[in-house]
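Engineer: Here is what each chain is made of, one letter per residue.
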Amino acid sequence: MRHRKESSRLGRSSAHRKALMASLVCNLIVQKRITTTLTKARLACRLAEKMVTVGKKATLAARRQAVAELRRKDVVAKLFDEIVPQCQNRAGGYTRVLKLGKRGSDSSEMALLEWVDVLPVDKTVTKTDDTAS
Amino acid sequence: MAVPKRKVSKRRVRIRRAAHRKPTPPVGTCPECGADSQPHRVCPSCGHYKGRQVLTVDAD
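So the protein sequences, as listed, match chains D and C. According to our numbering, the first sequence holds residues 2 to 134 in order. According to our numbering, the second sequence holds residues 1026 to 1085 in order.
Just so you know, these hints were derived from the structure itself, not from any lab. Hints may be right or wrong, so weigh each one.
[Claimed, not checked] Derived pair list, reagent style DSS-like, types lysine-lysine, alpha-carbon separation capped at 27 angstroms:
#: 1; chain 1: C; residue 1: K1032; chain 2: D; residue 2: K103
#: 2; chain 1: D; residue 1: K100; chain 2: D; residue 2: K33
#: 3; chain 1: C; residue 1: K1030; chain 2: D; residue 2: K100
#: 4; chain 1: D; residue 1: K6; chain 2: D; residue 2: K103
#: 5; chain 1: D; residue 1: K51; chain 2: D; residue 2: K74
#: 6; chain 1: D; residue 1: K100; chain 2: D; residue 2: K74
#: 7; chain 1: C; residue 1: K1075; chain 2: D; residue 2: K41
#: 8; chain 1: D; residue 1: K57; chain 2: D; residue 2: K33
#: 9; chain 1: D; residue 1: K58; chain 2: D; residue 2: K100
#: 10; chain 1: C; residue 1: K1075; chain 2: D; residue 2: K33
#: 11; chain 1: D; residue 1: K58; chain 2: D; residue 2: K6
#: 12; chain 1: D; residue 1: K100; chain 2: C; residue 2: K1075
#: 13; chain 1: C; residue 1: K1047; chain 2: D; residue 2: K41
#: 14; chain 1: D; residue 1: K103; chain 2: D; residue 2: K79
#: 15; chain 1: D; residue 1: K19; chain 2: D; residue 2: K79
#: 16; chain 1: D; residue 1: K57; chain 2: D; residue 2: K19
#: 17; chain 1: D; residue 1: K100; chain 2: D; residue 2: K6
#: 18; chain 1: D; residue 1: K74; chain 2: D; residue 2: K103
#: 19; chain 1: D; residue 1: K6; chain 2: D; residue 2: K19
#: 20; chain 1: D; residue 1: K19; chain 2: D; residue 2: K51
#: 21; chain 1: D; residue 1: K103; chain 2: C; residue 2: K1030
[Stated by the list, open to error] Quick list of the computed label-pair ranges, beta carbon to beta carbon:
#: 22; chain 1: D; residue 1: S8; chain 2: C; residue 2: G1076; range: 26 to 36 angstroms
#: 23; chain 1: D; residue 1: T36; chain 2: C; residue 2: G1076; range: 12 to 22 angstroms
#: 24; chain 1: C; residue 1: P1050; chain 2: D; residue 2: K6; range: 37 to 47 angstroms
#: 25; chain 1: D; residue 1: E110; chain 2: C; residue 2: R1041; range: 45 to 55 angstroms
#: 26; chain 1: D; residue 1: G105; chain 2: C; residue 2: K1032; range: 34 to 44 angstroms
#: 27; chain 1: D; residue 1: S24; chain 2: C; residue 2: M1026; range: 54 to 64 angstroms
#: 28; chain 1: C; residue 1: S1070; chain 2: D; residue 2: L61; range: 47 to 57 angstroms
#: 29; chain 1: D; residue 1: R65; chain 2: C; residue 2: P1056; range: 42 to 52 angstroms
[Claimed, not checked] Taking beta-carbon pairs under 10 angstroms as the criterion, some of the chain D residues facing chain C (in silico):
#: 30; residue: K51
#: 31; residue: R72
#: 32; residue: L99
#: 33; residue: L101
#: 34; residue: G102
#: 35; residue: E110
#: 36; residue: L113
#: 37; residue: E115
The beta carbon of each residue, even a glycine, is placed where N, CA and C say it ideally should be.
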């Protein structure tokens, strides 16, 4: 029974949903921050955090576990070499979801999903930017 | 079988449906640029959230 299971299934089959989550997390690893709907962002952050936890083990088995989930070896390499080392000082809560407001087409709440410790690729945005605009 | 005795007037219908209105979304003010923005959301006009520049906005 699915009583009180609150997580959204996004109108997709299990395989479709897993593929979508893998895709979102891969993009988060490559792009460092992604814009998506709030529901997708919240679901993707779960997998992203789990992948960092797997990455912290830094063993071959862990690497294969991550590849099984994310389905892309090059991205897993990026995760292990770039993302995980920067998350070492944190015991969870590696990602952040910021609400962006509703998009025009279907009024879905949009969100920004990013790493707490990893700076975005975009050079114009810095964590310590205090210039008023 | 019980049946309504009178047609429901437009007025009655509209009074009933007035209760079905969607509430207006909350509007706040961005502490950085002073423009209207929604609470708990990145300001759409300056891209600030909780005192830091989160994203760059085109017409800045």
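Engineer: It remains to establish, for every hint, whether it holds in the given structure.
Structural biologist: To see whether the hints hold, each was checked on the structure:
1. C:K1032 <-> D:K103: Roughly 40 angstroms between the alpha carbons, so the hint for C:K1032 and D:K103 is violated.
2. D:K100 <-> D:K33: Measuring from Cα to Cα gives roughly 17 angstroms; hence the hint holds.
3. C:K1030 <-> D:K100: Not OK: C:K1030 and D:K100 at ~51 angstroms, beyond 27 angstroms, violated.
4. D:K6 <-> D:K103: holds, 25 angstroms
5. D:K51 <-> D:K74: Status holds; Cα separation ~17 angstroms.
6. D:K100 <-> D:K74: violated, 31 angstroms
7. C:K1075 <-> D:K41: Answer holds: C:K1075 to D:K41 is near 23 angstroms, not above 27 angstroms.
8. D:K57 <-> D:K33: Holds. D:K57 to D:K33 sits at ~18 angstroms (cutoff 27 angstroms).
9. D:K58 <-> D:K100: violated, 32 angstroms
10. C:K1075 <-> D:K33: holds, 20 angstroms
11. D:K58 <-> D:K6: Given pair D:K58, D:K6 is violated - Cα atoms ~30 angstroms apart, limit 27 angstroms.
12. D:K100 <-> C:K1075: holds, 12 angstroms
13. C:K1047 <-> D:K41: holds, 25 angstroms
14. D:K103 <-> D:K79: Violated. D:K103 to D:K79 sits at ~32 angstroms, over the 27 angstroms cutoff.
15. D:K19 <-> D:K79: Answer holds: D:K19 to D:K79 is near 20 angstroms, not above 27 angstroms.
16. D:K57 <-> D:K19: holds, 22 angstroms
17. D:K100 <-> D:K6: This hinted pair holds, its Cα atoms lying about 23 angstroms apart.
18. D:K74 <-> D:K103: violated, 35 angstroms
19. D:K6 <-> D:K19: holds, 17 angstroms
20. D:K19 <-> D:K51: Satisfied, since the Cα-Cα distance of roughly 14 angstroms is no more than 27 angstroms.
21. D:K103 <-> C:K1030: violated, 45 angstroms
22. D:S8 <-> C:G1076: 26 to 36 angstroms: Once the Cβ atoms are compared, 31 angstroms apart, the range 26 to 36 angstroms for C:G1076 and D:S8 holds.
23. D:T36 <-> C:G1076: 12 to 22 angstroms: holds, 21 angstroms
24. C:P1050 <-> D:K6: 37 to 47 angstroms: Violated, at about 29 angstroms.
25. D:E110 <-> C:R1041: 45 to 55 angstroms: The hinted range 45 to 55 angstroms is violated for D:E110 and C:R1041, with Cβ atoms some 30 angstroms apart.
26. D:G105 <-> C:K1032: 34 to 44 angstroms: Given a distance of about 40 angstroms, which is inside 34 to 44 angstroms, the answer is holds.
27. D:S24 <-> C:M1026: 54 to 64 angstroms: Distance hint for D:S24, C:M1026 holds at roughly 56 angstroms.
28. C:S1070 <-> D:L61: 47 to 57 angstroms: holds, 49 angstroms
29. D:R65 <-> C:P1056: 42 to 52 angstroms: Cβ of D:R65 to Cβ of C:P1056: about 47 angstroms, so the range 42 to 52 angstroms holds.
30. K51: violated, 25 angstroms
31. R72: violated, 29 angstroms
32. L99: holds, 5 angstroms
33. L101: holds, 5 angstroms
34. G102: Holds, because the Cβ-Cβ distance from D:G102 to chain C comes to roughly 5 angstroms (cut-off 10 angstroms).
35. E110: holds, 9 angstroms
36. L113: holds, 7 angstroms
37. E115: Since chain C brings a Cβ to about 9 angstroms from D:E115, closer than 10 angstroms, the hint holds.
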